[in-house]
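Visitor: Chain A is already provided as a structure; the job is to place chain B on it using the hints.
Protein chains in written order, with the numbering used here: chain A, 289 to 441; chain B, 385 to 530.
One or more of the hints may lead you astray.
Distance condition first, Cα-Cα at most 30 Å in a straight line; then the derived DSS-like pairs of lysine-lysine [said to hold, decoys possible]:
1) A:Lys413 / A:Lys380
2) B:Lys420 / B:Lys503
3) A:Lys297 / A:Lys425
4) B:Lys428 / B:Lys452
5) A:Lys335 / A:Lys413
6) B:Lys421 / A:Lys297
7) B:Lys452 / A:Lys297
8) A:Lys425 / A:Lys381
9) A:Lys335 / B:Lys452
Far from chain A, by Cβ distances over 12 Å, these chain B residues were calculated [to be verified]:
10) Phe412
11) Arg429
12) Asn431
13) Arg438
14) Phe445
15) Val459
16) Thr464
17) Glu467
18) Thr476
19) Asp486
20) Asp501
21) Val502
22) Phe512
23) Ala513
24) Asn515
25) Arg528
Calculated from the structure, these hints are not laboratory results.
Built from N, CA and C at the ideal position, the CB exists for glycine as well.
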Amino acid sequence: MEEELLDVKIDSRFVYNYSTGTIPGYFFRMLRDEARIFGRRCPACNKVYIPPRPVCGPCFRPTSEWVEVGPAGTLVAYTVVYFSFLDPMTGKKRPVPYGYGMVRLDGADSRLQHFISESDHAKLKVGMRVTAVFAEKRTGNFSDLVHFRPVED
Amino acid sequence: MAEQEQLISEQILQVPYNYSAGRAASRFLAALRDEKKIYAIVCKRCNIVYCPPRSVCGRCFEGLSHWKEVGPYGVVRNFTRVEYTEDVHPATPLVPALIELDGADTLFPHLIIDTEDVKTGDRVRPVFAENRTGHILDMAGFVRVG
Numbered sequence: 289m290e291e292e293l294l295d296v297k298i299d300s301r302f303v304y305n306y307s308t309g310t311i312p313g314y315f316f317r318m319l320r321d322e323a324r325i326f327g328r329r330c331p332a333c334n335k336v337y338i339p340p341r342p343v344c345g346p347c348f349r350p351t352s353e354w355v356e357v358g359p360a361g362t363l364v365a366y367t368v369v370y371f372s373f374l375d376p377m378t379g380k381k382r383p384v385p386y387g388y389g390m391v392r393l394d395g396a397d398s399r400l401q402h403f404i405s406e407s408d409h410a411k412l413k414v415g416m417r418v419t420a421v422f423a424e425k426r427t428g429n430f431s432d433l434v435h436f437r438p439v440e441d
Numbered sequence: 385m386a387e388q389e390q391l392i393s394e395q396i397l398q399v400p401y402n403y404s405a406g407r408a409a410s411r412f413l414a415a416l417r418d419e420k421k422i423y424a425i426v427c428k429r430c431n432i433v434y435c436p437p438r439s440v441c442g443r444c445f446e447g448l449s450h451w452k453e454v455g456p457y458g459v460v461r462n463f464t465r466v467e468y469t470e471d472v473h474p475a476t477p478l479v480p481a482l483i484e485l486d487g488a489d490t491l492f493p494h495l496i497i498d499t500e501d502v503k504t505g506d507r508v509r510p511v512f513a514e515n516r517t518g519h520i521l522d523m524a525g526f527v528r529v530g
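The shape of chain A in the complex, shown without the other chains (with noise of 0.2 Å):
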């Protein structure tokens, strides 16, 4: 007799909350308010942190102003995703394929990782301009700022 074998089915859903902070409650403040991006800058090595950080890592000074930054910036590396994964912001599946990659905002000492909206992604390239596009209904997290779009310049 042939042998039945099983599959055990998981389908565990993690639905949790956590509080921005002071210095990231900021930044998505002004992301959905204003549809502009602010970073931090720290007083001792002037490096422009973007996410916003409240230390400067190799300093260990705390940040003291903000500085806003972007929305244009440039393509530092980039990837396409045709794997499609869950996005833990929707719980749903993005389609694929899609850019992903890493934008230094003009402005910003460090990189931003995001969405990289391209219809053909082999004009992707690392150095291209890029610039944020914004949601039209912003509330106040990641999503807020869309994806980042190849400009001409």
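Guide: Only chain B this time, still in chain A's reference frame:
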């Protein structure tokens, strides 16, 4: 700084996955589903009756294939009581227990359904679900017997 609005970030992380139960657990789960019976697997060399069954003896590494029906009655050897819950978890109180099924040498983990005043040493029997799919919850859990 003026009083700040604090923002909450909401996350919905989902991790659906399947794994193959393997030969031993498949036979065990199929028997729950089709016969409402609990099967253990025996290592004849070590004289150990494993329930839940496993395909290899943990002591002598012998491959196992000798099946034996155990239970359905058993004894609560250890338990805990869960009062904390979240929306995504089953309703509380939950009493997960380690049950020594009659004829088995190992402890079998499952839920005690009648959750009041559980004590180690209590005699229990399984309650089978109406709709059984080859899943460990084909046994809804165990209840105390006098």
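Visitor: Work down the list of hints and note, for each, if the structure agrees.
Guide: Now for the hints, and whether the structure bears them out:
Of the pairs offered as hints, the one joining Lys413 (chain A) and Lys380 (chain A) holds, with about 28 Å between alpha carbons and a cut-off of 30 Å not exceeded. Between Lys420 (chain B) and Lys503 (chain B) the alpha-carbon distance is near 26 Å, which keeps this suggested pair within the 30 Å criterion. Between Lys297 (chain A) and Lys425 (chain A) the alpha-carbon distance is near 37 Å, which puts this suggested pair outside the 30 Å criterion. Restraint check: the Cα-Cα separation between Lys428 (chain B) and Lys452 (chain B) comes to about 11 Å, which is no more than 30 Å; the hinted pair holds.
Distance check on the hinted pair: Lys335 (chain A) and Lys413 (chain A) sit about 26 Å apart at the alpha-carbon level, within 30 Å; holds. Taking the CA atoms of Lys421 (chain B) and Lys297 (chain A), the gap is about 21 Å. The hint holds against a cut of 30 Å. For the given pair, Lys452 (chain B) sits about 26 Å from Lys297 (chain A) by alpha-carbon distance, which is consistent with the 30 Å threshold. Distance restraint check for Lys425 (chain A) and Lys381 (chain A): the Cα-Cα separation of roughly 21 Å lies within the 30 Å cut-off, and the hinted pair is therefore satisfied.
Annotation: proposed proximity of Lys335 (chain A) to Lys452 (chain B) is violated, straight-line Cα distance about 69 Å (limit 30 Å). At the 12 Å boundary, the C-beta of Phe412 (chain B) falls inside the reach of chain A, the nearest C-beta of that chain being 9 Å off. With a minimum CB-CB distance of about 23 Å to chain A, Arg429 (chain B) clears the 12 Å threshold, and the non-interface call stands. The beta carbon of Asn431 (chain B) sits about 26 Å from the closest Cβ of chain A, which is more than 12 Å, so the claim that it is off the interface holds.
With a least beta-carbon separation of about 15 Å from chain A, Arg438 (chain B) lies farther than 12 Å from that chain, consistent with its non-interface assignment. Listed as a non-interface residue, Phe445 (chain B) keeps its Cβ farther than 12 Å from every Cβ of chain A; the least gap is roughly 22 Å. Its beta-carbon lying about 27 Å from the closest one in chain A, Val459 (chain B) satisfies the requirement of being farther than 12 Å from that chain. Remark: the non-interface label on Thr464 (chain B) is consistent with the geometry, its nearest Cβ contact in chain A lying 21 Å away (cut-off 12 Å).
No Cβ of chain A comes within 12 Å of the Cβ of Glu467 (chain B); the nearest lies about 20 Å off, and the non-interface call holds. No Cβ of chain A comes within 12 Å of the Cβ of Thr476 (chain B); the nearest lies about 17 Å off, and the non-interface call holds. Against the 12 Å criterion, Asp486 (chain B) stays outside the reach of chain A, whose nearest CB is about 25 Å from its own CB. The claim that Asp501 (chain B) lies off the interface holds: its Cβ sits roughly 32 Å from the closest Cβ of chain A, which is beyond the 12 Å cut-off.
Every CB of chain A lies more than 12 Å from the CB of Val502 (chain B), the least distance being 27 Å, so the non-interface label holds. For Phe512 (chain B), the shortest C-beta to C-beta distance to chain A comes to about 17 Å, beyond the 12 Å cut-off, and the non-interface label holds. Distance check for Ala513 (chain B) against chain A: the nearest CB is about 15 Å away, which clears 12 Å, and the non-interface claim stands. Here Asn515 (chain B) stays apart from chain A, with its beta-carbon at least about 15 Å from theirs, past the 12 Å limit.
Even its closest Cβ contact with chain A, about 28 Å, leaves Arg528 (chain B) beyond 12 Å, as expected for a residue assigned away from the interface.
Going through the hint list in order, the structure does not satisfy hints 3, 9 and 10.
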